[in-house]
Amino acid sequence: MRDLTGKPAIPFRLRDSNGRIHLLEEYRGRWLMMVFHRHLG
Amino acid sequence: MRDRETEFERRKVQVAVVTFENDFLARRYVEETSLPWPLLVDDTRETYRNYGMLTASFWDLWGPKTWWVYSREILKGAELRKSEGDIYQRGGDVLIDPNGIVALHHVGAGPADRPPVERMLQRIDRGSGHHPR
Chain A
1 MRDLTGKPAI PFRLRDSNGR IHLLEEYRGR WLMMVFHRHL G
Chain B
1 MRDRETEFER RKVQVAVVTF ENDFLARRYV EETSLPWPLL VDDTRETYRN
51 YGMLTASFWD LWGPKTWWVY SREILKGAEL RKSEGDIYQR GGDVLIDPNG
101 IVALHHVGAG PADRPPVERM LQRIDRGSGH HPR
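As you go down the protein sequences, you meet chains A and B in turn.
For the record, in the first sequence the residue sitting at position 14 is 14 according to the working numbering, with numbers rising by one throughout.
For the record, in the second sequence the residue sitting at position 17 is 17 according to the working numbering, with numbers rising by one throughout.
With the rest of the complex left out, here is chain B:
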């Protein structure tokens, strides 16, 4: 998604990243990654729950799709790190339009399940009458 940062900027889309982890880890993550967007801390996980992002099952996490993505990353030369923290908490994406209506609601089934950025951009363009050249 960060590769497409300018596409979101051009469309004047505000991005907010949400984490359930504590302040210390959140600050460290922002420093380590030079995150260009605010990192909101939802340590009670209330907002996660409100959007149906609950705990994933073992098979959601370790199903064939996950192995496929990890294998591809390894072939590309990526180094996989051991995960810390609650690996069972689901993530997802929620796109909210300027009137406060949910335009896209995606709950990730596992680590590899994210909607394509292209789909989000198309949804924004459709809703704002923007036609990229």
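Same shape as in the complex, but just chain A:
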């Protein structure tokens, strides 16, 4: 997998645990740290 540093972030549309939809565009203008978990167990 190539390193995507310096490239435009890949858009996402994900639901949170409360059912709210999050889109990449909503975070524009702010820093966003996405922490991808391994399993939650």
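No lab work stands behind these hints, which were simulated from the structure alone.
Even glycine gets a Cβ: it sits at the ideal position worked out from N, Cα and C.
Fair warning: there could be bad hints in the mix.
Cβ-Cβ distance ranges computed for the label pairs, FRET-style [stated by the list, open to error]:
(1) B:I74 with A:R20: 32 to 40 angstroms
(2) A:R20 with B:E73: 29 to 37 angstroms
(3) A:I21 with B:P36: 18 to 26 angstroms
(4) B:E9 with A:E25: 17 to 25 angstroms
(5) A:G19 with B:E9: 32 to 40 angstroms
(6) B:E73 with A:I21: 34 to 42 angstroms
(7) B:S71 with A:I21: 40 to 48 angstroms
(8) B:R72 with A:G29: 20 to 28 angstroms
(9) B:G77 with A:I21: 39 to 47 angstroms
Since chain A is already given, all that's left is putting chain B on it; use the hints.
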């Protein structure tokens, strides 16, 4: 990372935690850990795949680095629990700047492989002209 929560807050960094597990497990995790950030559910793993977080190999998971970290945790008195779920799915970290550009992209090689929080904070400070005293 949670130990440094205020450092992210001070820099106005939004944090979003992503899981591939189902809604039920996600809600339970948020309740059990009082997670201060939104937990996004990527049950199709599309976003994981887009960022190159695929399945790890056996040796990625059980290599010397993992044993080193686990041994240290045991010596500190931590109780290790048996893992549930897909232990082979990789995790990682993606830092996105205010213009929507990836500033840091890290795919974890195994359970013990995370970039130091210090490195992420430095990258944010460099990008926003913030100089902590």
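Verification of the hints:
Between B:I74 and A:R20 the beta carbons are some 39 angstroms apart, a value that agrees with the proposed interval 32 to 40 angstroms. Checked against the given bound of 29 to 37 angstroms, the beta carbons of A:R20 and B:E73, roughly 34 angstroms apart, stay inside it. Between A:I21 and B:P36 the beta carbon distance is about 20 angstroms. The supplied range of 18 to 26 angstroms therefore holds. For the pair B:E9 and A:E25, the beta carbons lie near 22 angstroms from each other, so the given range of 17 to 25 angstroms is met.
Between A:G19 and B:E9 the Cβ separation comes to about 25 angstroms, which falls outside the hinted range of 32 to 40 angstroms. Range check, B:E73 to A:I21: Cβ separation about 36 angstroms, and the 34 to 42 angstroms hint holds. A hinted range of 40 to 48 angstroms for the beta carbons of B:S71 and A:I21 is consistent with their spacing of about 42 angstroms. For B:R72 and A:G29, the Cβ-Cβ distance of about 40 angstroms falls outside the hinted range of 20 to 28 angstroms, so the restraint is violated.
As the Cβ distance of B:G77 to A:I21 is approximately 41 angstroms, the hint placing it in 39 to 47 angstroms holds.
Checked against the numbered hints listed earlier, the structure breaks hints 5, 8; every other hint is satisfied.
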